[in-house]
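Line order of the protein sequences matches chains A and B.
Those letters in the first sequence? Residues 1 to 257, by our numbering.
Those letters in the second sequence? Residues 1 to 334, by our numbering.
Heads up, none of these hints are tricks.
Computed footprint of chain A on chain B; a stretch qualifies when at least three of its residues, placed anywhere within it, have a C-beta under 8 Å from a C-beta of chain A: (1) 76 to 85; (2) 220 to 233; (3) 268 to 278.
Derived CB-CB ranges, DEER-like: (4) A105(B) - Q83(A): 49 to 55 Å; (5) I108(A) - S181(B): 50 to 56 Å; (6) R137(B) - H11(A): 21 to 27 Å; (7) P65(A) - I160(B): 41 to 47 Å; (8) R185(A) - R279(B): 32 to 38 Å; (9) E154(A) - C208(B): 31 to 37 Å; (10) E154(A) - L317(B): 48 to 54 Å; (11) S181(B) - P65(A): 56 to 62 Å; (12) A105(B) - P65(A): 48 to 54 Å; (13) H11(A) - S166(B): 43 to 49 Å; (14) E182(A) - L82(B): 37 to 43 Å; (15) T106(A) - L209(B): 24 to 30 Å; (16) W212(B) - G107(A): 17 to 23 Å; (17) E182(A) - C208(B): 46 to 52 Å.
Everything labelled a hint here was simulated from the structure, so no lab data went into it.
The beta carbon of each residue, even a glycine, is placed where N, CA and C say it ideally should be.
Given next are the chains, with one letter for each unit.
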Amino acid sequence: MALMAENISLHISGFNLLRNVSMRVEPGTVTAIVGPNGAGKSSLLKVLTGEMTASTGHVSLNHQPLNSWALGQKAKMLAVLPQHTVLNFPFTANEVVALGRIPHQTGILKDELIVADALKAVDANYLQKRFYTQMSGGEKQRVQLARVLAQIWEPTQLGDQFLVLDEPTSAFDLSHQKLTLEIVRGLAEQGTGVVMVLHDLNLAARCADNLVVFDSGTIAAQGSPEEVLTEELISQVFGVKSIIAKHPVTQKPLVIT
Amino acid sequence: MLPLVVIFALGTGTVNISIADIWQATRGLFSNDSSSSSFSSSSQIHTILFDIRLPRILLALCLGVILAISGAVMQGLFRNPLADPSLIGVSGGASVGASIVIVMAGEWIQSGSALGLSAVAVGAFVGGFIATILVYRLATSEVGTSVTTMLLAGIAIGAIAGALNSLLSYFADNDMLRQISLWQMGNLSTANWSRVAMVAAVAALLGCLFPWDSRALNALLLGESEARHLGIDVQRVKRRLIVLTALGIGTCVAMAGMIGFVGLIVPHAIRLLIGPDHRWLLPGSALAGGLLLIIADSLARVVVAPTELPTGILTALLGAPFFVALLIQRRREI
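The whole structure should be built from the sequences, with the hints applied where relevant.
Here it is in structure tokens:
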């Protein structure tokens with residue numbers, strides 16, 4: 001089972017945002033989407049999560065068309081972290097994370113445990129009773145991450161679970177970037193399929209099994225980071241000259257610009 | 001948080017009682033014995049208590065409940081703590097709807113029949129509904145609901161409503177004019193049992209249906225697409241909530257005219273006290289709203305006795321300082 005997009009095209013008010021995009025997210029793997037600003041990465045995520053309907057092409061979740069799942073069932077299998085979430089109401093971190101338990105009927109006691117664990121996982125334990133409105137940008141982003149983690153904290157019998165993240169590390173310092181990647185890898189080991197948009201090519205190379213490079217609405221290349229990251233591709237897609245080296249420890253490609 | 005809500009519930013009880021005391025102390029020399037011997041000396045006491053004051057108190061209670069709970073729902077729906085039926089033009093739309101019905105079917109309504117009242121209420125409902133939809137459409141783009149646009153749209157719709165109201169008043173004859181201006185002041189003095197029955201029915205309906213969507217409202221505070229990803233049928237919830245708030249505000253405007261601030265201040269204050277979780281916020285706001293309006297209306301009757309102040313003035317006078325006090329207290333905590 002998988003989260004799949006087949007031949008997706010998306011036309012909005014005369015613009016072709018996506019053209020013939022096909023990709024497949026297998027459970028237990030991490031897919032990173034990279035590309036220049038405005039290349040269509042976020043649009044693809046919106047189509048993949050059912051927020052927008054593709055003009056042509058199909059999206060399927062666990063062998064069923066995405067929009068044929070009932071909303072409540074879909075929410076148990078697919079958690080989505082948008083780039084920005086504006087929340088102007090003084091919820092505590094606990095309450096925000098507890099929103100991730102809305103699709104489930106597991107009872108208050110269990111939900112409380114999961115909320116506490118999810119906050120611990122993102123190193124936001126100390127924020128529990130703090131008001132969301134008074135947190136820093138990075139703290140807010142961590143709490144939101146904990147919320148989507150809580151949403152798919154336990155496996156469901158409906159099918160494999162998937163997590164979609166749009167630039168999850170944009171407000172994070174180094175240690176929390178690393179923590180996020182560890183969380184993502186950990187989820188993949190437990191069988192969750194992860195898709196995320198990243199800007200940092202080296203972060204993407206370090207944690208992705210499958211790297212998708214986007215360029216003006218189409219996929220310029222996809223495959224393992226070693227296959228995809230070449231000097232030609234980077235100059236062609238990003239217009240930047242670079243050297244591809246090997247990370248001395250992880251042996252993953254290292255892009256130096 | 002549960003004990004807090006219980007305390008609120010108890011508070012409503014005690015204040016109800018103390019309002020009875022206020023009556024006895026200030027207004028009726030004869031109220032003292034009303035509780036024990038209403039049947040003996042005069043039927044006057046009976047009339048005052050059960051035909052004038054009781055319906056009025058119940059009307060205030062129900063209206064307060066509706067205004068506050070609708071305010072809380074609107075603030076959640078618009079994801080904005082500034083949304084208030086009177087600020088964003090909904091009350092204005094409702095009053096135009098009611099004016100149109102009064103002018104079109106004036107004769108009929110002056111008879112004071114329940115049927116006439118319902119017609120005004122339906123007019124107010126339709127007006128409020130159209131205004132809500134318009135404001136919502138104008139304020140919502142693909143990105144989300146914008147605060148500034150919402151307030152500006154509210155001002156625009158309020159202005160149109162004001163102009164239409166003036167136009168209708170201009171063409172109305174004396175009796176209609178009196179009808180129109182009576183409830184525009186925000187007045188509860190026209191309370192009678194048939195009105196109470198109607199408002200109570202609406203209050204009960206909203207009180208039963210709104211809490212159903214508490215969790216959906218909580219999720220909506222994150223944003224519409226986030227709520228959808230949490231498995232909530234946003235379109236359906238939104239439609240339901242908009243129809244119900246329009247019904248609530250329409251009924252309030254038809255019965256008592258424009259009573260501002262209850263819908264803005266009560267949910268705000270309750271949110272500062274017990275947090276923004278709608279599961280507690282909605283019942284808390286309903287209770288506090290009923291409470292505030294009962295107090296305000298009682299004061300409106302006694303402050304400048306023997307005449308009366310429009311209740312709307314007092315809701316603002318009572319609500320605003322409380323709100324400011326809460327803000328100051330909060331700021332100190334931070």
